[in-house]
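**Student:** Full structure from sequences and hints, please.
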Amino acid sequence: MNFLAPIGRVFIGFLVATGRLVAFAAVSVSHCVRPPLYGRSIGRQMIQIGYFSLPVVGLTAIFTGMVLALQSYTGFARLNAESAIATVVVLTMTRELGPVLAGLMVAGRVGAAIAAEIGTMRVTEQIDALATLSTDPYKYLIVPRLIAGVVTLPILVLIADIIGVFGGYVVSVHSLDFNAANYLKLTWQFLEPLDVITGLVKAAVFGFLVTLMGCYHGFHSRGGAQGVGAAATNAVVSASVLILAANYMITTAFFGT
Amino acid sequence: MTRTASESKIELRGLKKSFGAKTVLDGVDLRVGAGESVVVIGGSGSGKSVMLKCVLGLLWPDAGSIHIDGADVTALTGRARQAHTEKIGMLFQSGALFDSLKVWENVAFALRSQSAMPKRQARDVALAKLAQVGLAADVAELSPSELSGGMQKRVALARAIATDPEIVFFDEPTAGLDPILGDIINRLIVDCVRHLGASAVSITHDMTSARKIADRIAMLHEGRIVWDGPAADIESSGNAFVDQFIHGRAEGPIGMAVRR
Numbered sequence: 014m015n016f017l018a019p020i021g022r023v024f025i026g027f028l029v030a031t032g033r034l035v036a037f038a039a040v041s042v043s044h045c046v047r048p049p050l051y052g053r054s055i056g057r058q059m060i061q062i063g064y065f066s067l068p069v070v071g072l073t074a075i076f077t078g079m080v081l082a083l084q085s086y087t088g089f090a091r092l093n094a095e096s097a098i099a100t101v102v103v104l105t106m107t108r109e110l111g112p113v114l115a116g117l118m119v120a121g122r123v124g125a126a127i128a129a130e131i132g133t134m135r136v137t138e139q140i141d142a143l144a145t146l147s148t149d150p151y152k153y154l155i156v157p158r159l160i161a162g163v164v165t166l167p168i169l170v171l172i173a174d175i176i177g178v179f180g181g182y183v184v185s186v187h188s189l190d191f192n193a194a195n196y197l198k199l200t201w202q203f204l205e206p207l208d209v210i211t212g213l214v215k216a217a218v219f220g221f222l223v224t225l226m227g228c229y230h231g232f233h234s235r236g237g238a239q240g241v242g243a244a245a246t247n248a249v250v251s252a253s254v255l256i257l258a259a260n261y262m263i264t265t266a267f268f269g270t
Numbered sequence: 127m128t129r130t131a132s133e134s135k136i137e138l139r140g141l142k143k144s145f146g147a148k149t150v151l152d153g154v155d156l157r158v159g160a161g162e163s164v165v166v167i168g169g170s171g172s173g174k175s176v177m178l179k180c181v182l183g184l185l186w187p188d189a190g191s192i193h194i195d196g197a198d199v200t201a202l203t204g205r206a207r208q209a210h211t212e213k214i215g216m217l218f219q220s221g222a223l224f225d226s227l228k229v230w231e232n233v234a235f236a237l238r239s240q241s242a243m244p245k246r247q248a249r250d251v252a253l254a255k256l257a258q259v260g261l262a263a264d265v266a267e268l269s270p271s272e273l274s275g276g277m278q279k280r281v282a283l284a285r286a287i288a289t290d291p292e293i294v295f296f297d298e299p300t301a302g303l304d305p306i307l308g309d310i311i312n313r314l315i316v317d318c319v320r321h322l323g324a325s326a327v328s329i330t331h332d333m334t335s336a337r338k339i340a341d342r343i344a345m346l347h348e349g350r351i352v353w354d355g356p357a358a359d360i361e362s363s364g365n366a367f368v369d370q371f372i373h374g375r376a377e378g379p380i381g382m383a384v385r386r
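Those protein sequences? They're chains L and E, same order as listed.
Position in the first sequence (first residue = 1) + 13 = this note's numbering.
Position in the second sequence (first residue = 1) + 126 = this note's numbering.
Possibly wrong hints are sitting among the right ones.
As the list claims (entries may be wrong) - Straight-line distance between alpha carbons at most 25 Å, and here's what the computed DSS-like set of lysine-lysine pairs gives:
{"hint": "1", "chain 1": "E", "residue 1": "Lys228", "chain 2": "E", "residue 2": "Lys245"}
{"hint": "2", "chain 1": "E", "residue 1": "Lys245", "chain 2": "L", "residue 2": "Lys152"}
{"hint": "3", "chain 1": "E", "residue 1": "Lys142", "chain 2": "L", "residue 2": "Lys152"}
{"hint": "4", "chain 1": "E", "residue 1": "Lys213", "chain 2": "E", "residue 2": "Lys142"}
{"hint": "5", "chain 1": "E", "residue 1": "Lys245", "chain 2": "E", "residue 2": "Lys213"}
{"hint": "6", "chain 1": "E", "residue 1": "Lys213", "chain 2": "L", "residue 2": "Lys198"}
For the record, the hints were derived by calculation from the structure and aren't laboratory data.
**Tutor:** This is the structure in structure tokens:
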């Protein structure tokens, strides 16, 4: 039965890692709802995570909106259904691509930075030092980042939605010869509040996942520069995969099978 | 620094800690009297840092007890435990200064977090502590990365004593410093501890430093205290482990574990 042993070892290793992550998340969240909170740190992290992600998220959104309009035109023109383009652009942006692409971009930009910063603090004993100075590392380092991620990512996505729709509008009106007023009317026609709301719910979950993975991998990094590098990589990869998996689950929960 | 210790400030009994299959502490017994300066010597990897981290509450011991002022802190959690940890100031080997904060904010950190002291007052205390370790007020606004290694060590020392703790831990205080700077740090430690009337536990493998700052010396080897006595008796301990260590001989009962 020896050939079963490696399978079991991998499976047990997976369960241990999952358990550690869930325990870490539970402790972190419990600290989010218990005072004291470091308001100034939360504000600083909101600027770091939210405000400084605006350019990269905005650029991603505008090009995605533009390419969406172009690609759906090549498809729908054959069916004489050009009027559907505005709807396709706005629904795809708000429901799917806005939150997912913003989440992935923030995972790359912020997740790695969080993991590297907290990881360096871990290997240089700064996290131990915090504890000896009567400051809970969870409260001081992790809670501000988690709150900032959950609050700012929906705002980023709302802005990305608007910029993406604008990108589709620009391409449709200027290179596909749509009537501007007509395009805007079509954009509004089939858009429902639920479409935007699901996108924002997704964004909040993604914000939590990105900051959580950054904090988790940074907090548990060990072994000097190499360990910190590995933590940054793992934070981005695991956050990206979790974002795509969570996206599917949330979509199923809202819109059924 | 030769006060006799009547009551014990810290008392470790049968402290054990393992990481996986590797036993690091195998029943450590150590007593530190009030106002006493104890230096724990021992080779690299003998478990000195792990012992301090257990007392600080950064690691949980597997067995044994840690008494601070008579109370067993291994039985305490949360606030009650923190009340005891707040009595301890710690000088980390690497300094462990927060590089996102200025020098004075580092020194004032515990004043702000423990006693919520107003900013201006905390800054004044921080400047006084910096002066105590021989640093002028102009370094206060710098960031720790702009300082030399020796200056960082002094800032870390100022931070460790900022709240006038009853107990101070020094983890390899002279590691990585040149002999002159090492002596300055040793003198600062002796001054600070005497000034505070605090109990001190230092871990080091620098014998010059140990002789200078210790009232008592204990030797940790393979997770146990193998010798414990007044600093003056270290030369005539009659203990083979201690003799090999203080004379730095490659031959003796302490084999160099290449693999652990």
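**Student:** All hints are to be evaluated individually against the structure, with a verdict given for each.
**Tutor:** Hints and how they fare:
As the CA atoms of Lys228 of chain E and Lys245 of chain E are separated by approximately 13 Å, the hinted pair is consistent with the 25 Å bound. Distance check on the hinted pair: Lys245 of chain E and Lys152 of chain L sit about 20 Å apart at the alpha-carbon level, within 25 Å; holds. A C-alpha spacing of about 30 Å is found between Lys142 of chain E and Lys152 of chain L, which places the hinted pair above 25 Å, so the restraint is violated. Among the hinted pairs, Lys213 of chain E with Lys142 of chain E is consistent with the structure: their alpha-carbon atoms are about 23 Å apart, no more than 25 Å.
For the suggested pair Lys245 of chain E and Lys213 of chain E, the alpha carbons sit about 22 Å apart, so the restraint of at most 25 Å is met. Taking the CA atoms of Lys213 of chain E and Lys198 of chain L, the gap is about 69 Å. The hint is violated against a cut of 25 Å.
Taken one by one, the earlier hints fail for this structure at numbers 3 and 6, listed in ascending order.
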